[in-house]
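Participant: For reference, the chains in residue letters:
2 protein chains.
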Amino acid sequence: MKYTEKGICCTGFKAAGIKEEKNGLALISSEKEASCAVMITSNRVKAAPLVVSSRHAKKGRTRGVVISSGNANAYTGRQGIKDAEAMCTMASEELGLKKEDFLVASTGIIGRKMDMQLIERQIKEAAKRLSSKKEGSQNAAKAIMTTDTFPKSVSVKTQLKNGVEIEIGGIAKGAGMIAPNLKHATMLCFLTTDAYIPDSRIKKCLETAVDMSFNSTIIDGDMSTNDMAVLMASGTAGNRDIDSKFQHALNHVATELAKMLARDAEGATKFIEVEVKNAKTGSDAKKAARAVAGSSLVKSAIYGNDPNWGRIIAALGYSGADINPDIITLLLQNTKDSVCLIEQGRVRAYQDSWELKAAEKILDADEIKITIDLHTGTKNAHVFGCDLTPEYVRINSEYTS
Amino acid sequence: MKYTEKGICCTGFKAAGIKEEKNGLALISSEKEASCAVMITSNRVKAAPLVVSSRHAKKGRTRGVVISSGNANAYTGRQGIKDAEAMCTMASEELGLKKEDFLVASTGIIGRKMDMQLIERQIKEAAKRLSSKKEGSQNAAKAIMTTDTFPKSVSVKTQLKNGVEIEIGGIAKGAGMIAPNLKHATMLCFLTTDAYIPDSRIKKCLETAVDMSFNSTIIDGDMSTNDMAVLMASGTAGNRDIDSKFQHALNHVATELAKMLARDAEGATKFIEVEVKNAKTGSDAKKAARAVAGSSLVKSAIYGNDPNWGRIIAALGYSGADINPDIITLLLQNTKDSVCLIEQGRVRAYQDSWELKAAEKILDADEIKITIDLHTGTKNAHVFGCDLTPEYVRINSEYTS
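Those sequence lines, one after another, are chains A and H.
Mind the numbering: the first sequence is residues 0 to 400 in numbering that gives the first Met the number 0, read in order.
Mind the numbering: the second sequence is residues 0 to 400 in numbering that gives the first Met the number 0, read in order.
Check the hints yourself; a few may be wrong.
When chains are identical, the list treats them as one kind, so a pair holds in a single copy or across two.
[As the list claims (entries may be wrong)] In silico EDC-like cross-links for lysine to aspartate or glutamate, where the CA-CA straight-line distance does not exceed 20 Å:
#1 K18 with E390
#2 K57 with E19
#3 K156 with E134
#4 K356 with E397
#5 K58 with D351
#6 K58 with D198
Because the hints were derived from the structure by calculation, they are not lab data.
In this text, all values refer to a predicted model and were calculated from it rather than measured experimentally.
Excised from the complex, chain A in its bound form (with noise of 0.2 Å):
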């Protein structure tokens, strides 16, 4: 596997983007019918894009998505289902297609209008900035941010075990409301591949990409109205099925995806791994990983380099996860060092001990990882996360304004 510089712009696939301060707007769009899969949030209030994307995946093909930034659509009643209707068709007629050809996407403020002249303009302009460059990639992933620093997008290419090689290319969005327990998917991201993929195992390999890493991504816990996930295979790459180095491959890139979400996460200043390991059940691990991922405490200990492991294991003990607390091992690492906090249940960083002090230099670092043996079972799961800062709460308390 190695990296490319096409983002979603693999074979048979153009982007374009425009942004114009907080609105922004996205094409996505394959030359012939590609194959998709379509993942939303399992939030009961679900946004108008989402329930008219969910209606044009239902055959299970498309030629591309039209993705706005700065206004969720979302609990706009009927006015928002025929403007996110509207979107496909203004998308769809610019390429002389029928709208049910275009899912649609959107990002932003709960609760508004749509400015549909806006919107009428924007995509008209970014029909015609489509291309098959890195260029027409870069530019979605910039128009689809809302709070995101920084534009996310991996790409990579591979060999199946045949030896066909194929390319698989993503661009995400997101830095706040990503939250533990989705069903579906968690924000926007938006998957692309030259391969072919059979209609069977489609959606198969969107969830079982999703599930290990944007479902396993926790910032502040608030599910959105708008989390949507898209998998588009335009199968020119001349496979004629996928196996295990493609679903390897799509998970690398939905993975190193949600890795960007945490880092870029609002107001963090740190990237967080919690590893569980050896939990009696997978639901164990997870839950216990989340619990401890997703505490304030703990991410507010990590913001200030306090090495209060207690938090740790207050949150594993109200996980719901079945566990030992006197067996657990505790480990806390940068990329540079590892101390033993805890060693099965026996407390090596008492006070004034040197593991204590050590745990506070390892916290002094951009990447934590914090690693629980819990030697109760053989599964394991593992979630990324983000410190708590002041900055999280001063973005959060002026978004609208």
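Using the hints provided, position chain H relative to the given structure of chain A.
Facilitator: Then chain H, alone, in the frame of chain A:
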């Protein structure tokens, strides 16, 4: 029902407290054997004093409680249990009693060995100072504080239906690590009464009061290892049974204490009450209220007077409650004004509406109430909470250092 100054020094009870910088110790003693009920955290990691108190409370009788602040005596293994037992022994010996006559509670940092020399000195000192006057209760309320900025005490007297006058008093502490979904208690709270409560009813009395007060309070979503609530009844009032007026007064004392916790939440500038009305089930009402009061994005917006009501809708959507977003009514209030942002699904507070401007003004207050009418049933719930501020992060990034 009238407020009194007695605090927990109801007839039959004495109290004392010592606070030496971060280390505090409080004693509450009952002149005669009191009947008692104890509730403890549902965290899987239970601090040593909780284990010991549960054991000592089994017979439903007690002579008092010894409480230390500064060190949680949690995740301290066998030594922690020995230390908690020793605290009971020390306190009881000072009063010529057996160790089983005493309950014990602690609050503070997790994972540190107790300084038993300090504890012993403080217990001896506190035993000498035991007083039935209000100062005894006041000193106890101060001694159990950690990051609290003010002592929390409420006491009332009321008449049962048959005219017997009874007293109820309570002190509590807690400003962080306070969380939703607790099956039992949520912080330290000690309630006393001179009423007689039949053994068959005392546990239910406490559970009812805790459920609508402390278990309906959300500060940061982190559930502690040390939460404990105790109700002690001296039975000196002369009543033969309790009635609804007793429960009403007990609920009131607990609720006032819970509100104090939310008001004194770490770094908080605003008290928030979320009321959910007309839900399908009680569980739906609670889930909905907790999701809104617990949302970092809602809390941050309220801190910044940002009327970003879409975040409330998003939180309702992911709460797990059975809701129909199209018929929700959403009201925002402070003690002076109120505004309807959404009326049965119809958005009033669109951009540039007077409702949105009014909402911004209403948010500029110390006490905010969010009322959500789900229009799907008849069940109600309320939750007390607070805003999320940069100061919360600052406090929690520096706690152990």
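Participant: Could you figure out if K58 and D198 sit no more than 20 Å apart (CA to CA) within one copy, between two copies, both or neither?
Facilitator: within (10 Å within a copy, 65 Å between copies)
Participant: Give the relationship of K58 and D351 under a CA distance limit of 20 Å: within one copy only, between copies only, both, or neither.
Facilitator: The answer is neither: 64 Å in one copy and 40 Å across copies each exceed 20 Å.
Participant: Measure nothing new, just compare the shortest in-copy and cross-copy C-alpha distances for K18 and E390 to 20 Å and report within, between, both or neither.
Facilitator: Neither, since 24 Å and 34 Å both go past 20 Å.
Participant: Treating 20 Å as the Cα threshold, decide for K356 and E397: within, between, both or neither.
Facilitator: Classified as between: cross-chain Cα gap 15 Å, same-chain 37 Å, threshold 20 Å.
Participant: Quick one: K156 to E134, C-alpha cut-off 20 Å, is that within a copy, between copies, both, or neither?
Facilitator: within (18 Å within a copy, 75 Å between copies)
Participant: Under a CA distance limit of 20 Å, which applies to K57 and E19: within one copy, between copies, both, or neither?
Facilitator: This pair counts as neither: shortest intra-copy Cα distance 33 Å, inter-copy 68 Å.
Violated hints for the displayed structure, listed by number in ascending order: 1, 2 and 5.
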